[in-house]
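> Could you put the whole structure together from the sequences, leaning on the hints where they help?
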Amino acid sequence: MVDSLFLGIAVLTIVSAIAALEMRSLVYGGIALMGTLGGIAGFFILLDSPFVALFQIAVYVGSIAVLILFTIMLVKRELIFQKKEDTKRRYAGIGLMLIVMISLGAIVFNSGISSITTEEPAVDYREIGEDFLIYYWPALVAMALVLAGSVTGAMILARRHDEVEDEQRTD
Amino acid sequence: MSNELIDFVIVSVALLAIGIYGLSVKRNFIRMLFAVEIVINAANLNLVAFARFLPHSGGQTFALFSIAIAAAEVAVGLALIIVAYRMYKNIDVADFRSLKG
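Chains as they are written, first to last, in this note's numbering: chain Y, 561 to 731; chain C, 447 to 547.
What the hints contain is simulated information worked out from the structure, not anything from laboratory work.
Just to be clear, a hint being listed does not mean it is correct.
Stated by the list, open to error - What follows is a list of derived Cβ distance ranges for each label pair:
{"#": "1", "chain 1": "Y", "residue 1": "ARG584", "chain 2": "C", "residue 2": "ASP541", "range": "17 to 23 angstroms"}
{"#": "2", "chain 1": "C", "residue 1": "VAL522", "chain 2": "Y", "residue 2": "SER674", "range": "20 to 26 angstroms"}
{"#": "3", "chain 1": "Y", "residue 1": "TYR651", "chain 2": "C", "residue 2": "VAL522", "range": "41 to 47 angstroms"}
{"#": "4", "chain 1": "Y", "residue 1": "LEU717", "chain 2": "C", "residue 2": "SER512", "range": "21 to 27 angstroms"}
{"#": "5", "chain 1": "Y", "residue 1": "PHE611", "chain 2": "C", "residue 2": "ASP541", "range": "23 to 29 angstroms"}
Claimed, not checked - So, partial list: chain Y residues that the calculated Cβ filter (under 7 angstroms) puts toward chain C:
{"#": "6", "residue": "ILE688"}
{"#": "7", "residue": "LEU705"}
{"#": "8", "residue": "VAL706"}
{"#": "9", "residue": "ALA714"}
Glycine residues also receive a C-beta, built at the ideal position from the N, C-alpha and C atoms.
Written as C-alpha cells, this is what we have:
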C-alpha cells in the first residue's frame, strides 16, 4: 500500500519530467528538470538511502542543473523559445511511449516482484565504503580518470579559438 | 516499509517511457539531453530500489558510480552543444547533418 508522501513525490517527479520536455521555454524546462531530479532524491530518502540522496542533490540538483541553466543562457534568445516539432513524429513518439509503458508494465506485473517485501534493516554506510575501497577500487580509480578526462575534454572543446588573440600573442 | 518494490519500479518505468518519448520526438539538443538525464535517473531509481528490497549494498554503490559518470556525460554534452551552436548558430539536431561520416 503506497503512502501519501510516496504518491506526492511520484506525481511531482512525473509531472515535472513531462514539463521539462514540453515547456515552451528551455529555462523553465531546466527548472522543471531540477524538480524531477529532486523528486528522485526524495525517493532515495524513502528507500532509506540518504547517502545516495545527498549525492544526487549535490551532483544533479546542485551542479548539473546549474551547468544546464548556464548553457541555456549562452544560447540565442529566439532558440530558447523555439519549438519545431513534426505532428506525425509527435504522435509516433506518444505511441512509442505507451508501447514501452504497457509492455514493460506487463512484464513487471507478471514477474512476481510484487510479492517482494522486506523487514530487514537498510544497508549501512560502512558496507558502501567497503564496496568502494575493497571490491570496486579499480572501478573507482577508472571513474576518477574518466571524470578528470571528460572535464578536461569539455574545457578544450568549449574553448573559444580567437584568431586575433593568437596573432597578438605571436607578435 | 509501507511502500513495495513494485511501486518504485512502476515510477521508474513511467520515467523511462517519458525519456524515450523525449529522445524520439524532440529535435532540440538541450531537450534531448534532458531526456537522457530522465532515463539515467529512472535506472538509478531501479538500482536503489532493488538494493533496498533484496537487501544488498551493490545497488547503492552502482547508483553512485552511475551518478558520477552521468555528471561527466553532461559536461561533455553541454560542451558539444556550445561548439555546435558556435558552428551552426542553432541547436536543432536536424541541422547538424555534416556531422555524419
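> Run every hint past the structure and note whether it holds.
We went through each hint and held it up to the structure:
Remark: the range hint 17 to 23 angstroms for ARG584/Y to ASP541/C is upheld by a beta-carbon distance near 20 angstroms. At about 39 angstroms, the beta-carbon gap between VAL522/C and SER674/Y misses the expected band of 20 to 26 angstroms. A hinted range of 41 to 47 angstroms is violated for the C-beta pair TYR651/Y and VAL522/C, which are about 32 angstroms apart. Checked against the given bound of 21 to 27 angstroms, the beta carbons of LEU717/Y and SER512/C, roughly 23 angstroms apart, stay inside it.
A hinted range of 23 to 29 angstroms for the beta carbons of PHE611/Y and ASP541/C is inconsistent with their spacing of about 43 angstroms. Interface hint at ILE688/Y: satisfied, since its Cβ lies 5 angstroms from the closest Cβ of chain C, which is below the 7 angstroms cut-off. Annotation: interface hint on LEU705/Y violated; nearest CB of chain C at approximately 10 angstroms, more than 7 angstroms. With a cut of 7 angstroms, the hint placing VAL706/Y at the interface with chain C holds, because the nearest CB-to-CB distance is about 6 angstroms.
Among the interface hints, the one on ALA714/Y holds; its C-beta lies about 4 angstroms from the nearest C-beta in chain C, closer than the 7 angstroms criterion.
Checked against the numbered hints above, the structure violates hints 2, 3, 5, 7; every other hint is satisfied.
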